[in-house]
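Participant: Residue-level listing of the chains:
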Amino acid sequence: MIKKALQTLGISLVGLGFLVPIIWVISLSLRSKKTVFTALFFTRDLHFENYLTAWKTFHFGRLFLNSAFITGVSVLFILGISSLAAYAFCRLKYRGSEFFFYLILLGMMIPPAAVVIPLFLIMKNLGLYNTHLALMLAYVTFGLPIAVLIFRGFFLSVPAELIEAARIDGSHEVNTFASIIMPLSTPAIATVVIFSFMQNWNEFLLALVLLKDRLLYTLPVGMANLVGQWDSPWQLIAAGVVIASLPIFIVYLTIQDLYVKGLTAGALKG
Amino acid sequence: MRLRTARIGFLFSLPAILFFLAFILAPVVSTFLLSFVQWKGFTLSDMKPAGLSNFIELFSDGVFFRALTNTLIFVAATTVFLNLLGFIGAAIIDTKLAGSGFFKNAIFLPVLLSPIIIGIMWSRMLDAFGIVNQLLKSAHLIKLPFLFLGDERIALYTVIGATIWQYTGYDMLLYYAGLQGIPHEQVEAATIDGASRLGIIWNVVLPFLSPVIAVTMLLNMIGGFKVFDIVYVMTAGGPNNSSHVFATYLFLQAFRFNRMGYASVIAIVIILFSIIAAVFRLRIVRQEV
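Protein chains in written order, with the working numbering: chain A, 3 to 272; chain B, 134 to 422.
Heads up, some of the hints might be wrong.
[What the hints assert, rightly or not] Here are some chain A residues pointing at chain B (derived, C-beta under 10 Å):
1. V27
2. F103
3. P113
4. L228
5. V243
These are calculated hints, taken from the structure and not from any lab test. Ideal placement from N, C-alpha and C gives every residue a C-beta, glycine not left out.
Produce the complete structure using the sequences and hints provided.
Facilitator: Have a look at this one:
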């Protein structure tokens, strides 16, 4: 009994110790300009107004909006394009479909860093440099392979008789896909949404290279842009760190199990 | 009928194929072409053929070799520690003791954050006025602040430490998922036979987990080879170019020095490493598909 209690205490302390950097940043975000470099942890007076100041000075509203828009549109297109392709690759096979399937899987192996130079040049020549569209095109491309793999795995588990029956009933393939297959596929949709959301929400390199205007920045680029000077207002930057982390943390807490499943399933498939 | 479904199938997959051709295949091909030119990337008329000079330069570029060894160190260190700590963490949750739920969430929390945020946090925590130097000073271990990111010998390892802190929770969950499939009868049988706990882990659990270990290590390695964000935000490759990895050095050459041709050679190196990883990855994926 005592041994169990000690073990519980032990692992709780390890967990808490692991969180020290995060707790420390929260303490930093609540300090005043004077104590920001001198205090160790929380100070007696907590400056919650830092959050409001940080929100205004760093234009967080704009950063959130940009990130949400780019991520949202990209995830929608990834869903649509990858589910169609995956369905074709396993249920509407044609000559060469196997080849195209492996070709797209190959895209999973190419990290964005390897092609960021030509992507930058292509976007520039298309007149898309410094637009959200450029970023969304890139995000959709890099999000497709794993999404195709996840959907394909799921569609293979849908009994072929179901599709056959719909065909005999005279249902058009497009109709079968849209009104029979997709409504069945909510688990796969959830996995793809969570996986590509995480990937795009936190993406940095492509956003750094393809965007120039501060007004267009996503959260990670905007955040990275805050630091670097010795006289940076650290209590505000720390508040910014907390603000930027909060939404994803709340999403995680609300759909925890789904989230973990999405993240690990996506990883193991890929 | 067959023909019709084939045509619809092709149309269904066409958008995905087009995205792949336009934004992955075309860039990969361009990278190979660009590696033979000297170009600032502004107008096409500036482009000058460079023969093999970019490749020759690479072989005599000390910073590139530093980036190469740094990348290998980064990959090896993060892979080893993430797997080790991830497995230990998974074993702890698997005890299902009170408190293991909190433990799981605490370790997993950093996985949710962007590497940029992790980088900002850790840079600030380890700088001259950060909590780490404050504590070291009050314990009289140091007189002057220790510059974790300002020391050429240490900077890379500091970034590695922050990366391990961030992703331990990820490996932990992968291992935990793997542990759920362990046949309990075998563990019980071994326990009755009087096997020690370490013996059970070594002889029963680890062999059973080997596919999970393979996938997790491979994922860590692939992640390590393409690391950019956290290095960029913590050291930007410095001090004195000591902590560059492939991606940060490519970024420096391409977008700070505007040397598109030379940077493309670095991109080719990244592609080569990716292909090697791909061969291993495809084996595992094939087993699952």
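Participant: All hints are to be evaluated individually against the structure, with a verdict given for each.
Facilitator: Against the structure, the hints come out as follows:
Hint status for V27 of chain A: holds, given a least beta-carbon distance of 5 Å to chain B, under 10 Å. For F103 of chain A, the shortest C-beta to C-beta distance to chain B is roughly 8 Å, which falls under 10 Å, so the interface hint holds. The beta carbon of P113 of chain A comes within 4 Å of a beta carbon in chain B, closer than 10 Å, and the hint placing it at the interface holds. Because the smallest distance between the Cβ of L228 of chain A and any Cβ of chain B comes to about 8 Å, under 10 Å, the interface hint for this residue holds.
Evaluation of the V243 of chain A hint against chain B yields a held restraint, the C-beta minimum of about 5 Å falling below 10 Å.
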